[in-house]
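K.L.:
One letter stands for each residue in the lines below.
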Amino acid sequence: MKLTQLISVASLVLMASVAHAEKITIAAAADLKFAMDEIASTFRKTHPGDVVEVIYGSSGKFRTQIEQGAPYDLYFSADIDFARALVKAGLAATDVKPYAVGRIVLWSVTQDATKMTLAALTDPAITRIAIANPKHAPYGARAEEAMRGAGLWQKVEPKLVYGENIAQTAQIVQTGNAQVGIIALSLAVNPELAKRGGYALIPNNLHQPLEQGFIVTKRAENNALARGFSDDMGSKTARAIMVRYGFALPGETTGK
Amino acid sequence: MLTQGDLQAIWLTVRLAATVTCILLLIGTPIAWWLARTRTWWKGPIGAIVALPLVLPPSVLGFYLLLAMGPNGPVGRLTGALGLAPLPFTFWGLVVASVFYSMPFMVQPLQTAFEAVGDRPLEVAATLRASPLDAFFTIAVPLAAPGFLTAFILTFAHTVGEFGVVLMIGGNLPGETRVASVAIYDHVEALEYMRAHRLAIVMLIFSFVVLLALYVWRPHSRKGT
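For the protein sequence lines, the chains are W and F, in the order given.
Anchor point for the first sequence: position 12 equals 12 in this note's numbering, and the numbering is continuous, going up by one each time.
Anchor point for the second sequence: position 188 equals 188 in this note's numbering, and the numbering is continuous, going up by one each time.
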């Protein structure tokens with residue numbers, strides 16, 4: 001009898017403490033890896049005791065998972081249309097909020113890519129080019145558009161290999177398994193990747209804009225922490241971090 | 001019903017599994033024979049290495065293969081020195097990866113079968129002046145035939161079911177590295193559930209038939225021996 005009492009008291013105490021600390025899980029597109037890590041750690045500092053978890057992957061995969069009831073509280077898609085689709089399906093607690101416009105770059109670790117243009121991809125010395133899978137990764141779709149736009153698709157296609165998402169694409173280039181890759185500017189500017197080879201921006205008139213948007217999911221409708229994070233994305237600090245990682249902010253000029 | 005691309009993926013899968021099974025028959029048989037008959041201290045470590053893929057996550061195998069076979073890795077340097085293209089994102093890259101991945105499925109049933117044969121028949125053969133090679137092919141192999149059948153089917157089926165490694169080192173190239181499991185994943189990611197379903201059901205039926213064959217055949221072949 002005493003033991004059961006003890007257990008019930010203990011569980012009450014535990015529940016009370018849990019109720020104070022909130023937890024959110026964020027599903028974020030792989031291109032956000034470095035920027036979101038920083039935004040999340042800044043956010044954690046102002047919310048001690050709460051748990052903010054971020055997982056990275058392909059936008060398409062997360063969309064499918066959320067449709068199947070995955071326990072994500074916020075969804076940051078690299079393709080705003082994926083987020084819109086979830087709103088339409090009634091799986092969001094908020095409207096889609098645009099948070100960034102992405103850029104794609106040519107990136108290499110084996111050669112100086114800083115002055116490289118798309119035309120260089122036809123060089124016979126380049127035998128493998130990595131892009132994200134255009135079928136479901138937004139950055140891959142834009143890479144394909146850019147190569148088509150530059151009139152190179154026919155020549156370049158036989159050399160392509162496909163990463164599952166933009167992070168795996170970068171990994172294929174980093175391990176030297178492709179001489180060049182088309183990856184997100186937000187990954188290429190990270191010091192870890194930028195210290196070798198460098199990158200060159202691909203003109204953004206060659207492809208559709210990489211409009212990115214996020215939502216708070218239906219399941220987090222009453223989660224104050226999720227709302228807080230959503231608001232925080234509009235803050236000066238968060239916006240500055242996004243810009244530092246090469247994202248243009250929605251409504252502002254994309255430059256170059 | 002299935003699209004051209006799906007049929008291509010299935011054919012590629014069959015080709016990969018058949019190639020890997022043939023190679024493993026050649027590599028795995030002597031390893032299994034050695035493991036079954038040796039009494040050295042090395043039996044433990046070698047057996048453990050062979051069994052590693054049963055335990056290792058495919059991502060570990062895929063990661064190390066990507067590094068090893070890349071242009072800066074030891075295997076990549078070797079293929080480079082031989083004037084060959086790097087192995088990742090090629091059919092032969094998948095073959096090499098799958099040989100590692102499916103090794104225990106060939107070696108372990110064979111080892112068990114060889115152990116069941118025991119020393120006695122081979123000693124008898126030796127007293128009749130059969131050479132060790134002769135004894136192996138005329139005595140051990142026929143006696144271990146059910147083990148060969150099991151090993152063959154398991155290796156083939158396990159290679160067909162491979163996913164994680166081919167996703168990491170395959171590069172998803174149609175006709176070259178996009179095997180059926182990756183094609184299904186691709187359809188699901190692209191929200192093409194109908195296409196995913198059609199290909200997945202083929203895999204499901206195939207897997208069931210293979211296992212059914214294994215369970216139905218084995219008792220019969222035992223009765224025969």
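Careful: at least some of the hints might be erroneous.
In silico EDC-like cross-links for lysine to aspartate or glutamate, where the CA-CA straight-line distance does not exceed 20 angstroms [to be verified]:
#: 1; chain 1: W; residue 1: 155; chain 2: F; residue 2: 176
#: 2; chain 1: W; residue 1: 61; chain 2: F; residue 2: 192
#: 3; chain 1: W; residue 1: 159; chain 2: F; residue 2: 176
#: 4; chain 1: W; residue 1: 135; chain 2: F; residue 2: 119
#: 5; chain 1: W; residue 1: 135; chain 2: W; residue 2: 67
By construction, these hints were calculated from the structure, which means they are not laboratory data.
K.L.:
Output the indices of the hints that this structure fails to meet, ascending.
P.N.:
Going through the list in order, the structure violates hint 4 alone and respects the others.
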